Amino acid sequence: MSASPVYLDAATAAPLHPVARQALLAALDDGWADPGRLYTQARRARQLLDAAREACAQTLGVRADELSFTSSGTTAAHAAVLGGLAGRRRVGPVLVHSAIEHSAVLHAAEKHVAAGGAATSVPVDRLGRLDLGRWAAAVRAPGVALAALIAASHEVGTLQPVAAAAQECAEAGVPLYVDAAQLVGRAPVPAGWSVLTASARKWGGPPGVGLLVVRKGTRWESPWPADDREAGRTPGTLNLPAVVAAAASLRAAAADAAAETARLEPLVARIRARVAAEVPDVEVVGDPDHRLPHLVTFSCLYVDGEALLHALDRRGFAVSSGSSCTSSTLRPSHVLEAMGVLSHGNVRVSLHRETTAADVERFLTELPGIVAELRAEAGVVGL
Amino acid sequence: MTAPAEILDCRGQRCPLPVIAVARRLPEMPVGTVVRVLADDPAAAVDLPAWCRMRGQEFLGTITGPDGPAFDVRRRH
Numbered sequence: 001m002s003a004s005p006v007y008l009d010a011a012t013a014a015p016l017h018p019v020a021r022q023a024l025l026a027a028l029d030d031g032w033a034d035p036g037r038l039y040t041q042a043r044r045a046r047q048l049l050d051a052a053r054e055a056c057a058q059t060l061g062v063r064a065d066e067l068s069f070t071s072s073g074t075t076a077a078h079a080a081v082l083g084g085l086a087g088r089r090r091v092g093p094v095l096v097h098s099a100i101e102h103s104a105v106l107h108a109a110e111k112h113v114a115a116g117g118a119a120t121s122v123p124v125d126r127l128g129r130l131d132l133g134r135w136a137a138a139v140r141a142p143g144v145a146l147a148a149l150i151a152a153s154h155e156v157g158t159l160q161p162v163a164a165a166a167q168e169c170a171e172a173g174v175p176l177y178v179d180a181a182q183l184v185g186r187a188p189v190p191a192g193w194s195v196l197t198a199s200a201r202k203w204g205g206p207p208g209v210g211l212l213v214v215r216k217g218t219r220w221e222s223p224w225p226a227d228d229r230e231a232g233r234t235p236g237t238l239n240l241p242a243v244v245a246a247a248a249s250l251r252a253a254a255a256d257a258a259a260e261t262a263r264l265e266p267l268v269a270r271i272r273a274r275v276a277a278e279v280p281d282v283e284v285v286g287d288p289d290h291r292l293p294h295l296v297t298f299s300c301l302y303v304d305g306e307a308l309l310h311a312l313d314r315r316g317f318a319v320s321s322g323s324s325c326t327s328s329t330l331r332p333s334h335v336l337e338a339m340g341v342l343s344h345g346n347v348r349v350s351l352h353r354e355t356t357a358a359d360v361e362r363f364l365t366e367l368p369g370i371v372a373e374l375r376a377e378a379g380v381v382g383l
Numbered sequence: 384m385t386a387p388a389e390i391l392d393c394r395g396q397r398c399p400l401p402v403i404a405v406a407r408r409l410p411e412m413p414v415g416t417v418v419r420v421l422a423d424d425p426a427a428a429v430d431l432p433a434w435c436r437m438r439g440q441e442f443l444g445t446i447t448g449p450d451g452p453a454f455d456v457r458r459r460h
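Sequence lines, in order, name chains B and W. 1 is the number of the first residue of the first sequence in our numbering; add one for each residue after it. 384 is the number of the first residue of the second sequence in our numbering; add one for each residue after it.
No lab work stands behind these hints, which were simulated from the structure alone. Computed from a predicted model, the values in this text were never measured in an experiment. Ideal Cβ positions, reconstructed from N, Cα and C, are used throughout, including at glycine.
Partial chain B-side listing against chain W, Cβ under 7 angstroms, derived:
id	residue
1	Ser324
2	Val341
3	His344
To list a few chain W residues with every Cβ distance to chain B over 12 angstroms, as calculated:
id	residue
4	Ala386
5	Ala388
6	Pro413
7	Val414
8	Gly415
9	Ile446
Same shape as in the complex, but just chain W (with noise of 0.2 angstroms):
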């Protein structure tokens, strides 16, 4: 499994905040790079992935850790 090279921090952040978030930043990075995304907004679990299905991006999956819920995207292209 890739490590994130970046973290997003989204918690407390209402969607679609954080599928805004990670739309801004993972076109800003090299090709191949993974983002975590931390977002607590039950929507996110849905929207993120929904996001890189549309987008062509791919979704890696989902971590629970102790800063909750955790959502890894890697750029495709």
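Chain B extracted, bound-state conformation (with noise of 0.2 angstroms):
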């Protein structure tokens, strides 16, 4: 007999809140038509697109028309780029970014750079901390137009120094962009950005919403043809009943954020600890105290990575990994190798609101075993 299946991946996509459900079927019946258009049901079509920008706009702190939707958190990364690029492209064509952004922030440097800009990539330590005074210096190099930070790292859950980060670039007068995905909806995010997105799949929204922040008085051009949705900031039709069911959702996960936080933390702790100590030949990655509530990793030595998420997935558990092996590029994760640590073996849990301690549990009593069958099988025991 199977066991039930435990899910351990909220950092790529939390399961849809009870509350986000609900939204999303009262929306289907009542947020179809174009809130754009002038009849009753545009009307109504817009009161709940302005709810839903009020209630999230209210969850951030930000102005409502400072907020806008966008089709996913990786076209909301490519935005906040791109368009923070362009609104100061006379001042330079410099972006700074962290080793360990998120890939969609990556590409978008790497497509600017390949149109004739520049990209500075800011190293991180052994934890996945950024390095601040390399940050410090690149930020206040000539034609600097951007910086952008990650809160904290999706893949290892280090969290950033925001903050001080923040202050080098009001110091050297550059917008920094923050990409809060990991953080939104379960931990405020620090002072001191102008642009700021997020992805409302983490936080037990549906996919396929979302959120580009900018701030008042922040440079930013939109990278996209012209379009007067959402400010000018997102061109095509949003999907209203998803960003409803989002708005909402976000509302109760920021209400039960610090609870879930109490309860999750000791969780990663117990997985971090029993993982050290059970699993021979592991390193556990990331920062040990200054980290996110809800996200682990750890790299086994000698293992295949695919291996490991495949026979992880026939006992009922699914994780991510940042292994070569496990990637459609077959290139390691590059923040595993930004921070200088194993790569193979990976395995990232990532714990949500339906994830008990009996789950964990069960997880960290059959983890050792299943490790130790794989290294049995490849024949690496005793290496």
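Quick one: dock chain against chain with the hints and give me the complex.
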């Protein structure tokens, strides 16, 4: 008999929050019309969109007219980077970013460089913490249009020194874009940023909704062809029912965030301690203290990451990996590479509101045997 | 720079195989010996130095030659 499935990949997508499901179903009946039109059904849709925007803005502590919805977190990140660079192109062509940004940010940076721009990557230490000295020097260099920093690593959970990095940017007169995908709905975002993005599926909203916030006074110019929706920041029709569900679930997640942190933090601490103690030759990575409350990453020496993922899946555990064999490009995670930590046999476990202590216990009970079996099969025991 | 006493050709092997190869071979060599690992899997550039750090062995560096990327490792204990 196979055990009940245990989903441990909230950092990719959290299970749909019940509030999101409820709001989504209601909005399917009420929010199908185009909010830009001038008839009764459109006005109803407009009301739903305005209320969703107001709710999200309130949760983030920003003005409603600073917040636009996008068709995904990735699209929001692309718009943040390319729009922030376009808005300050007269200042210079340089994007400063950490080495551990999300691939959406790095891909936007590559596009910028391919079009004649420039990018400076700032390194992190072994724990995945930004090198603040190098950051300060990089943002002070001539020609910097925008700086980009992830609020907390989506791969290893290390919180970044956003407030200090923002201070350096302010002194250099450079706007800061913060990718807050792993923080929004879980913890307050430190102040000092000019542009912020988030992704609804990370907090239990539906897939296909991103947030793009551009603070008043920030020079940002849409990188897309002109379109008057979402204050000119997002082209195309929004999936309004999903937007409504995202807003409702953000409010619910934010209301529960402190309690969820208090519940999940000890579970993550237990995983870190038990994996290190009970799985031989394992490297638990990321900052042990300044970290996300719901995410933990480790690498098992001599183990093939893809084989480990499949073995865990057969036992009902859904996790993700930064190992090269699990990526479509067959390259190791750039985050693990930047930290200089073992990239093979890598597992990222991320918890959510439905994760129980019993789920974590079952994972911890089964993991050492699964790793030992794979090592025995590969003939690497005792190396 | 110490010349390698042996070359482990791990080209075409995916990680963790190059790391396993050096973990098998290095302890059979005398302390101080340098082994060169040829490995074209991009993960090797991350994982060979990480293995050396975890095992207390010495990672001497990366050389990119006609045979592709090569990594020198010295047995320290």
